[in-house]
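**Student:** If you want the building blocks of each chain, they are given just below.
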Amino acid sequence: MLLRHTNKEIKPRKALTVNPAKTCQPIGAMYASLGIHNCLPHSHGSQGCCAYHRSALTRHFREPVMAATSSFTEGSSVFGGQANLVQAINTIFTTYEPDIIAVHTTCLSETIGDDVNQIAIKAVKDGKVPEGKHVIHASTPSYVGSHVTGFSNMTKAMAMYFSKSTGTPNGKFNIIPGYVEPSDMAEIKRLVKGMGITPILFPDTSNVLNGPMTGKYNMYPDGGVTAEELTATGDSIGTIALGATASADAARALDTRWKVPCQVQDLPIGLGATDRFIDALRKAAGVSVPDSITGERGQLLDIITDMHQYFYGKKVALAGDPDHLIPLVEFLLSIDMMPVHIVTGTPGKNFEKRIREMTDHLPYPVNVKAGGDLFQLHQWIKNEPVDLLMANTYGKYMAKDDDIPFVRMGFPILDRVGHSYFPTVCYKGGIRLLEKILDALLDRLDRDAPEESFELVL
Amino acid sequence: MSDTIKDTKTIKPGGVDTLDPEKIKKELLSRYPAKVARKRSNQIMVNKKDDTGKTPVMGANVRTVPGIITQRGCSYAGCKGVILGPTRDIVNITHGPIGCGFYSWLTRRNQTRTASDADDNYMPYCFSTDMQDEDIVFGGEKKLKAAVQEAYDIFKPKAISIFSTCPVGLIGDDVHAVASEMKEKLGINVFGFSCEGYKGVSQSAGHHIANNGIFKNVVGKDDSIKEADYKINLLGEYNIGGDGFEIDRILDDCGISVVSTYSGNSTYDQFANSHTADLNTVMCHRSINYVADMMEIKYGIPWIKINFIGGNSTAKSLRKIAEYFGEEALIQRVEAVIEAEMPEVERVRLAVKKRCEGKVAMIFVGGSRAHHYQDLFNEIGMRTISAGYEFAHRDDYEGRRVIPDIKIDADSRNIEELKIEKDDDKYRARKTDAEIAALKAKGFEFKDYKGMSIDMENDALLIDDISQYETEQLLKLYKPDLYCAGIKEKYAIQKSGIPMKQLHSYDSGGPYAGFKGAVNFYKEIDRLVNSKVWDYLEAPWQTNPELSAKYGWE
Ligand code: SF4
Ligand code: SF4
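So the sequence lines, in the order shown, correspond to chains A and B. Start counting the first sequence at 1; every next residue gets the next number (the numbering used here). Start counting the second sequence at 1; every next residue gets the next number (the numbering used here).
This is chain B alone, in the form it adopts within the complex (with noise of 0.2 Å):
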């Protein structure tokens, strides 16, 4: 009973099909400048998948051209904001002027739970040096200093952090110099990141800082083992609306044990202690696949690709977990648990497929979830026939067999890549050579995903770094039923009378993870693309302008 979910494609008679997609590419691409068109053409790709699995090569990772409006950010952006943000206990210090800071500032619907009031959260906190005219000329060290004192003197937290913003790269300042001085002196651990805004050409960067980060500083600081089956780390979860708990919730049911998740609802403790997992999976990879890498070479844990959006994806990946751990009792108990849910989410699934049945989505953000929530649109026969990330990279189109391709350009070079060596103390192989081969043997896969082109359509539209005027063309042209983006884009969307779901934040929703989250974003999605609204657009006298009255009594 429990796999009951098949993919359903209904092709809609005329409609999106009669469209011709390169004819499409080429209208999108009719305004720029021709230097302008020339690059953006590297970057929308009419999908084409041959034998051998191969896909079309997308330009991505690679700087928004001046004057674009944009749906991306910067690197601090994806230092501080998404990667650092959801951990409750590091007083997390902006060196900058404040906006970077004020902006990132509970705007992202991470969730985090604690024991009880005891416990630390900074996350409703906001720290800045809010540096001033003198800073920037005579250099804010001295400030940064100061603050970080007088964080410890009034917080007294386990680690604080310093983030740099654009300025404090261009003045000199050396956070990491002050970060060592602070941390000699507080005893407590204090760590910076050099995430300036301009580092790479997106969240991206940010997202690698912070990681490397994180694995410098703070993991394997704490060798205790916990007393716990099926250890894993979950990698590239953000708990955002609280998927993380779904997930959580799940796992528990399971019995498998977390023992830190990058980084939803984490702490501090968790990070140092996660190298004593037997598993890491990865849910965003973008975000974090090379910390499974360091993690399996510096530790020896083994590490899979795992997705928790959508029924089936989960049951999947559950699977795919109790497998790898090969223990009857906990493959029993993943079945068990698997059969308990599923019938709610396929009653749900099933109500609201018969409403959305053939309705068309275009799916354009962040770097996996335009892959991950297709899943979800398929279940309830839905189709995604454009999509696009906002920075990817591009494997996480072709898949991770194209990273030996990738050609680093100068926006990436900046980026530190941490040459990670084996930790002869640390390192324990979880399985032994056999074990691995067995499992590989039986089709299993490790440290392996796939890009997004292959699960879609031919001739479906891929775009990557979107742009406000393709998107206002799409619209036009496709007219889809739903859009999916972010805040920027949202209400440009919805004027055009187009429903739209936020899938970086999910507007006030969540969680769409795990089984509670599918029947939600089921019925959210039923919600926006039945909506009532849409037949109010025009007013009575719009739709009839004559004006001969007629009363009542005639």
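Here chain A stands alone, though its shape is the one from the complex (with noise of 0.2 Å):
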């Protein structure tokens, strides 16, 4: 057994955190900082933390993810990183010249107190940042939230930065795709392109985490949103965030700042959820939903019909991130699965009263929990088994262990690809999301089944 200390006894925690669901914020800063073209994300911090991220970043992604640091040493911890981030951004801008560079802090710099504005604005008064160039920064303590906070502050920060409005609107419509992957913001633009609107994605990591291998090196790769569309960002016609953990801040900030109307809506994940941000994006902009993408809705609703009685009545427990969680209980709950244990590292009432409306009405108990983590959630399932298990990679040590069928899904995945690849978004997202629980599910029942009822048609 790997985790042969977890057992069914369930005595109280209030201080000891036992396999966490979740990682810290400037992971996501960084993460969103690399979806802006020609940007360098900067830790400012001892440099630790930011070889951790950049490493959890490149194994999820198999994918150069370039990052620099501040380097505290302790004399900067006693006396504050000023000089460090000062002589930091020099450094980048003279040696790896990016156009921006976007600062997130750590726990270090934030205990230390360091006021990032006021050193950008030294660096800036030194003539360390040159003509042309910016440097954008967010405030990411990891004794708060999660790394979809941090995710969700850099976004923020990105849209104060640069939004401006000439009083003239664009035409354009704000998209935030939240924390999702390089792929998910590809399908939601082709989505809302194919409606014959012209979308403002940010951050946009699609064609940076998933480039192509051309055998020339590229620091700043082709994709990301640029400086020019996040200035616009503040003529556009409105704004749509999608996942209220990760996206919702900077679609109020543009909504306060510029008065571009936002609505906040579930992340696209299967059916129900997708259905809102197609009718949202419809009614916002006045268009009308083309049939190809009704085709594409009609043939996940194919696969559902043609399926049911392999995803009837299984019992699903499920780890990840508030926006992708609630989403995906809604979908399995329209296919007649049974999410019965779910857990999110990051802390938040909201999640908890969001899956209890949708689960409060059903036959059987279901466990949920904000601010949870692994060891809880295996302790749930030794309790009370699963048909499937629904995790980041960190689950298969569960699955293994109590032999449940495993779908790789959330952050960090790092033994699998194709998530950079093939979305789990909108209709043709969820066709994949059913396929591979499916796959998991249908390999079961063939491992299993005895060579009489052993079938050839399933």
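Note that these hints are calculated values from the structure, not bench results. A hint or two may mislead.
Unchecked claim - Here are some chain A residues pointing at chain B (derived, C-beta under 10 Å):
1) N7
2) C49
3) P169
Keep in mind it's a predicted model, so treat the numbers as computed, not measured. We treat Cβ as the ideally placed atom computed from N, Cα and C, and that holds for glycine.
Mind docking these for me? Both chains are given alone in their own frames, and the hints should help you get the complex.
**Tutor:** Quick look at the structure:
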């Protein structure tokens, strides 16, 4: 047994987290920054955090993830990191030549109380920021929230730094895709464009973290939202934020500052949430939905009808980020699966409330926890076994020990490929999700079938 | 037959040897701001070996310039991740916000094997106090105490350790006070590490803090003497990809018994008992040579440098251990093992060498591997034309003899140096002075290791704490056939069309130590440098962009 110390007896825990279902803010900020064209993320703290965040993102995407660090020593920890950051800005612009440096803080610089805004202003004054180049920043203390919070903070920061209003609407639509895969971002753009709407999608890691192999390394890949696009977000017709935790803040900030009306929608995972997203877009932009998109919806529906018998009544345990889990649970319920244990590491009351609203009427008990961990989830599973587990790669230790069919979903995925290339959002993504769920369930069915009932046709 | 591996250096006509390394160094520095260039120029050296074995003075173990994209991590990573990560039966609690603990959770490929499920193994677990706002503001000691209590209540481990992350030091939490209070209360060993990430300049500081902690808090707690011949400790072996298992297999075949490995596949009890070994063998000297020194002073265990990377090096190391014990039975058994193992190593080596001969590699990792792995490349006829360490000190480049000359700067001064004295009860001289002298007279080397530079060609480029920018320039200028580094560098190198091998985690491969490991490594390098994938980089329409169509029936 891998997790041999995990047993059924649930003892109260207030102080000890065991096997977290979240990680820290800066990695989300770093990921968001990579979705800006010609931008180098910068970690203001000691170099360990930066090394860890780069490694984790690299393992997940299997792509180069570049970021610089202020390399604090004990001295900077005592006297503050201003000198380090000013020097870093100079070194970066001279050596790595980005257009934008996106600075996020770490627990260390936050605890010291470094004022990154002031330092950035000083760097400009000292002539360390070349003409036409930018230093943007977000405060990302990890003792608040989770990696999703960090993503949200940096997304808001990029909008607030660049956006302007000329007073003339540009006819575009801001879409904030949330902490999703590059493939998901590309898919959302495809659908929005398919409806005849010009999106400004930010951040946008498609063609950054799923780039091609060409034999030529390019530190700043083709993808990413540009500074011009970010500037134009203040002139857009509206903003749709996908996912309350990762995207709402940026959308609301644009609304408050430039009166760009915003809506916060769930991430379009599964049928219902995608329907709402497309419908909201249609209404907000005053366009009609093309038959091709309705056709994709029909294909998703087709699979649900064809394979419903395999979904029906299957118990599922889930761990992930709130923005993913809310529509995912809704989707599973809509195909008559039974989500019974649901954990996110990200704290926040809204998550439990939303899940309760969806599950309260069910004839079976549902365990749900925000700010929980995988140890807790595993103990729930020991007490009430499930037919399927959906979680990031760390879930595979539970899946192996308890022999549970397992679908990898969320961040990080460290042992498989595909997530950066094939979306799980919108209708096509829904199809992929169902395919993955069915593969897991049907492989199990085949594996366990007695010879006499081993079937060719399922 | 056993010694058939010879160093073979085939100089490629033209190729890299036409490049002037001094010019390349200039090129690498040309883009930096003046101050940065000055600093970096102390860490980029063109190798020159003089008659006395002196090599260039390397500006190693100094701060990374802010803004440089560095390979380095922090002292917490070195302490919790590297040194204590591979020990399976201690509950390691990270005291800090969630990230530090999360990232050091199962990411290092340390393998461990227990006899049965009844044995403790916490390696698949991550324990953290997940500090929140209020803990930062009001202090986290209360939460830490509660976390230790909960860990005890739920898991009943034999020991609990606490690792400090950056904020902990700043807010003034005293993890050692908490540890001793809880030790008293729970009646198990509880100890803390002040390994805040800002200490020192790299992981290396964390190795030191971890090893000091183990030495102070665990070593010497169990005096029982194991019934076995030839008892050694293996220091600086972390069982990445199963290296330690392969070494254990070979030692076992030789009849040599390992009391404790620091720290691959290790347990608390092994550390506690490790002072009963009769010889310390040091593999990665960077991370642990001081422990060998401390054990010698306190308990009387002599130490030697060994290296199990490479078929030849493995054979040499085994012979050295046998020579130390000096018993004919052991010497013969070691020879028999070498003779049994080497034919397969030779068969694969020669086959692979045909396809790899003359190719050039670059290695930028760690604190000893950039050196050790050159043996394996030599064995298949590949040259290492540029190499450097991520967190080494001067002695790792220039040899142990320079240690007295190393200046201690402000960043190293905050790493505790233990004052060690002879333990009158437990000290036991393993050899008489006469025996030691006799061995030395035969050329047997105690407490010494060579630097990397002396084993490299003149004109090879030595680069300490290489930056991303320098890496890219090297690739452009030298176009090496293989580049070895870590996960953060991996994909930028591969995207440049150059095969890349991770030598921290071995990608998904290993073991690479010992005889079987050498075979694995030869094959892996063959796979990498001769992969077909590099031929597919251009699509047909990129090689032949003209549009005139030809139809099959024309
Ligand atoms: S110190 Fe904070 S920012 Fe750095 S890795 Fe730990 S939790 Fe993340
Ligand atoms: S916070 Fe400090 S201890 Fe944690 S990863 Fe960052 S540098 Fe290392």
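**Student:** Next, verify each hint and record whether it holds.
**Tutor:** Evaluated hints:
At a threshold of 10 Å, the smallest CB-CB gap from A:N7 to chain B is about 9 Å, leaving the interface hint in force. The interface hint given for A:C49 holds, since its Cβ lies 7 Å from the closest Cβ of chain B, which is under the 10 Å cut-off. For A:P169, the shortest C-beta to C-beta distance to chain B is roughly 40 Å, which exceeds 10 Å, and the interface hint is violated.
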